[in-house]
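Trainee: Below are the chains, spelled out letter by letter.
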Amino acid sequence: MRIPTAIIAAVSALALTAPARAKTIQVAAGEGAQGRLQEALIVAQPGDVVELAAGRFALTDGLSLDVNGVTVRGAGMEGTVLDFSGQQGAGEGLLVTSDDVTLRDFAVENTKGDGIKSKGADNVVYYRIRVTWTGGPKETNGAYGIYPVASTGVLVDGCKVSGASDAGIYVGQSKAITVRYNMVENSVAGIEIENSRDALVTGNLVTRNTGGILIFDLPNLPVMGGGNTVISDNLVVANDTPNFAPKGNIVAGVRRGTGVMVMANDGVRISGNQIHGNPTAAIMVVSYPNKFDDPRYQPSPRNIVIMVNSLDRNGTDPQVPGGAQLVAAFGGALPPVLWDGVGTAPRAVGGADTTAWSLNLPAQGTGFETAKPTPLVLLRPLGPTHGMPSDALRRAPVGAPAALDARAQP
Amino acid sequence: MRLLAAALLLLGGAVAVSATPPPPPVHDWKITGSEYPQVLSEYGFFVSAAGQIPVPTVTPYRLNTPLWSDGAEKLRFVYIPVGQQAKAQGDGLLDLPVGAALIKTFKLGGKLIETRVLLHRAEGWVALPYVWDAGQHEARLTLGGKRIALAGPDGKPLSYAVPNKNQCKECHGVSGAVTPIGPKAYNLAPAWLAALQKAGKLDRVPTVAKRIPLWEHRTHADAALAARGYLDVNCAHCHNPNGAASNSGLYLGWLESDPIKLGIGKRPVAAGRGSGNLEFDVVPGDPAHSILYYRMASLEGGIAMPELGRAALDPDGMAAVQKWIGEMRR
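Keeping their order, the protein sequence lines are chains A and B. 974 is the number of the first residue of the first sequence in my numbering; add one for each residue after it. 34 is the number of the first residue of the second sequence in my numbering; add one for each residue after it.
No lab work stands behind these hints: they were computed from the structure. Heads up, some of the hints might be wrong.
[Stated by the list, open to error] With a straight-line cut-off of 30 angstroms between C-alpha atoms, the simulated BS3-like cross-links for lysine-lysine are:
| hint | chain 1 | residue 1 | chain 2 | residue 2 |
| --- | --- | --- | --- | --- |
| 1 | A | 1220 | B | 356 |
| 2 | B | 63 | A | 996 |
| 3 | B | 179 | A | 996 |
Bound-form chain A, shown alone (with noise of 0.2 angstroms):
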């Protein structure tokens, strides 16, 4: 019998894009639920499914995925819920060690370390997951929500974190980034970037954080060089809690009244977000400011561009030193953009986003104590017409690969 070849060409096409026999385990919170959890995480295959049903699963130990191409998916981050809140070991509640995975419609609750990890996982998305420390800001809280460390390809899509003591949502040394839609509230960090490239963090709303979105780089790390990363549309409004971070953390040295803050990258872009009611500063442009002992790191900022961006009611009550007498001293408001002037000043398209001040620190690791402030007007980028468009608007593609998005749809 002759198979006609449009059926083989089918019947292939099929085969290349469901992975053979792919299923879905299902795992139901109650008794026992540690054990058969973390069981159906370890005998699926690439392709299945690991769904948890409604419920509240009271679980005692951190749990691992190490299987790629697996989707764990729950009833929605209201009905389903990994309650920690007994746990007694791991350093958090979900670590997520293979590539391709998705994690989505699920919360993780109260872990004693940080809330959910992937390490080394490439191109894995987080959707609508939800990490909360349900007793509000404390410095017992585990230290990040969402964790995605050393990873190319990194999609966290319309989560919600609240009350991590460290950030809510944190990216590290990894490439390729999108974090968009999210909502972090009750954090040190709203959504921390670091030592990472290639990132788009849009479309977020971070409130009620000391700080709402932090793009940092730092020494002595086996990645370092972050930079060209895009920070657009993104509501980043009342970031006026206490800094609750453990002391020895880069966040604990993060003023409260923090809106969007740059630290030792290349290239960063802050663009279109509604930057509102932050008293310390809605924008902050520094150095690194610890001594460091490593030929390879850059410590200043590089090629920083602030473009029409909405500001309003920041810099009203400063943690800085001198607050008041500054406050009134700029007339009521410290001016927008604070830069440490150490390296390259950030430069502004116009408007409010030029307005700025600067610490005249007289070298990078000096500390507050030796600043000399002046106001300051911040300059077009450089380029060939006018300012307009330039080298340091030119830049590399930002944000995850656009194939991760099949996996972030209700």
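For this one, chain A is given, so just place chain B on it according to the hints.
Mentor: Same frame as chain A, but now just chain B:
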């Protein structure tokens, strides 16, 4: 007729006993197959499992300085298939052939708790945990891990954690693949290596520049060597450039020489409340202000290090690290 048959059988039995019996073979196909054996006895590693008496082809060994596991006594064995050899790789890990297995049994309060096996299959290493039954007759595969209520070495109640299969990899992972942590030549006795080589199970005795001191001799050993040995064994399986903690930039391997990578004057990166409000991993001369020591001295999830496999403090390990940092010149 029936009687005669019985007599012949008896005779046969007697003959078999009088000759040297062949050693019971390890079931190689269980190691190299694609299944996960459900019980430990399927492998045939032991003549007496309860007594942890191995068959002759399974070789016991000890490490100069072992990993602390809540005070459990650990019995270690290596199996190298008949006719094959391990290859020495300088100071480091012995390269074990496909078909080899590493077996480690944990014993607390005189009872066998669990036996972990690492199997070298053609597609890579596989780590499997087996938990002993109450009667100490058999250990069963426990892929999802388990917590067992026990009495710790100090007599206090202990929630002993048997790792799940993934957690095995968190410690035994190098660049995302399961890899044995040991045995490494620098943590083995020269005599044991020589004996293995003499038995034809090791291609040559490796030259080792600097060995980790014997743990029981630590108080006489150089404080730095004792502590660095301890950190290598207890921390460096994650804290190395290819391990689970690679992103921390804190690398605690025996051969590491960069002071910053060893934590001296290094700020934490993603420690969260693990920082304990302290600024540096190691402050020379000041263990009380060193994050490294602070996290060893904690039992709290999110702070305690190592993250896995420790539900009790290790006073001896803490003392060794405290001495090293305390004697370090500021």
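Trainee: A separate judgement is required for each hint: does it hold in the structure or not?
Mentor: Hints, one by one, checked against the model:
1. Proximity of residue 1220 of chain A to residue 356 of chain B is assessed by CA-CA distance (about 25 angstroms); at most 30 angstroms being required, the pair is judged to hold.
2. As the CA atoms of residue 63 of chain B and residue 996 of chain A are separated by approximately 27 angstroms, the hinted pair is consistent with the 30 angstroms bound.
3. Taking the CA atoms of residue 179 of chain B and residue 996 of chain A, the gap is about 26 angstroms. The hint holds against a cut of 30 angstroms.
In summary, the structure agrees with every hint in the numbered list given earlier.
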